[in-house]
Amino acid sequence: KAGVTQTPRYLIKTRGQQVTLSCSPISGHRSVSWYQQTPGQGLQFLFEYFSETQRNKGNFPGRFSGRQFSNSRSEMNVSTLELGDSALYLCASSLVVSGAGELFFGEGSRLTVL
Amino acid sequence: GDSVTQMEGPVTLSEEAFLTINCTYTATGYPSLFWYVQYPGEGLQLLLKATKADDKGSNKGFEATYRKETTSFHLEKGSVQVSDSAVYFCALSDRYGTASKLTFGTGTRLQVTL
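Chain order of the listed sequences is A and B. The numbering used here puts the first sequence at residues 1 to 114. The numbering used here puts the second sequence at residues 115 to 228.
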């Protein structure tokens with residue numbers, strides 16, 4: 001069974017540009033969450049999607065957005081990139097929609113903003 | 115808001131030593147508690163979880179007990195192996211116990227030597 005797949009794995013952008021990251025969840029998983037991991041702030045929740053609807057959102061500015069498609073694949077977009085957006089962006093999928101279900105994480109997309 | 119505090123790393127132990135990684139939390143409601151592990155070059159994996167007070171989660175020789183009175187969820191293992199070298203993250207769910215939105219600690223790096 002394939003795990004969570006994130007693309008691209010590495011990318012470099014410059015300030016002011018925008019970026020789109022993609023996540024393919026485990027087959028059958030309909031919940032997809034996104035996290036930002038930085039050395040200073042650790043892992044921070046960005047948002048969660050289920051059945052193409054955003055269910056939860058973390059404390060990030062509106063430059064961070066996401067969406068989910070009918071096949072459960074998800075994308076997140078960051079516009080007007082800032083140096084502080086350099087981070088590892090992790091996607092996680094889950095089979096259950098409530099309760100203490102297990103999150104399955106991808107290996108992440110490492111974004112460097114110059 | 116909710117928060118998780120983990121002991122600072124890195125923790126360096128000899129093989130077969132006893133491991134404790136401290137984790138305390140601040141939360142409202144009835145969160146579930148988790149330990150996730152990140153091996154080098156891999157995504158986060160669920161190690162164990164506990165969904166209510168006094169529950170003990172266990173897996174691969176690791177244990178942690180949900181202590182509501184001390185708001186703690188310390189990770190322990192009686193005899194560590196070199197293969198346990200990784201970064202360990204304590205996390206809590208939202209107030210309803212839903213695991214899709216997790217608050218993580220900063221992570222504790224464990225290095226086990228022969």
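FYI, nobody ran anything at the bench for these hints, they're computed from the structure. Computed from a predicted model, the values in this text were never measured in an experiment. Mixed in with the good hints, there may be bad ones.
Unchecked claim - Sample of chain A residues at the chain B side, in silico, Cβ under 8 Å: (1) SER31; (2) GLY42; (3) LEU43; (4) PHE45; (5) GLU52; (6) ASN56; (7) SER94; (8) GLU102; (9) LEU103; (10) PHE105; (11) GLY108.
We put the beta carbon where it would ideally sit given N, CA and C, even for glycine.
The hints, checked one at a time:
1. Because the beta carbon of SER31 (chain A) sits about 5 Å from the nearest beta carbon in chain B, less than 8 Å, this interface hint is met.
2. The criterion of a C-beta within 8 Å of any C-beta in chain B is met by GLY42 (chain A), whose closest approach is roughly 4 Å, and the hint holds.
3. Because the beta carbon of LEU43 (chain A) sits about 4 Å from the nearest beta carbon in chain B, less than 8 Å, this interface hint is met.
4. For PHE45 (chain A), the shortest C-beta to C-beta distance to chain B is roughly 5 Å, which falls under 8 Å, so the interface hint holds.
5. For GLU52 (chain A), the shortest C-beta to C-beta distance to chain B is roughly 15 Å, which exceeds 8 Å, and the interface hint is violated.
6. Interface restraint check for ASN56 (chain A): the shortest CB-CB distance to chain B comes to about 5 Å, inside 8 Å, so the restraint holds.
7. Using the Cβ-Cβ criterion of 8 Å, the hint placing SER94 (chain A) at the interface with chain B is satisfied: the shortest such distance is roughly 6 Å.
8. The interface hint given for GLU102 (chain A) holds, since its Cβ lies 5 Å from the closest Cβ of chain B, which is under the 8 Å cut-off.
9. Of the supplied interface hints, the one on LEU103 (chain A) holds, with its beta-carbon coming within about 6 Å of a beta-carbon of chain B, less than 8 Å.
10. Residue-level restraint check for PHE105 (chain A) holds (minimum Cβ-Cβ distance to chain B is 4 Å; threshold 8 Å).
11. Interface restraint check: GLY108 (chain A) against chain B, minimum CB-CB distance 7 Å, threshold 8 Å, status holds.
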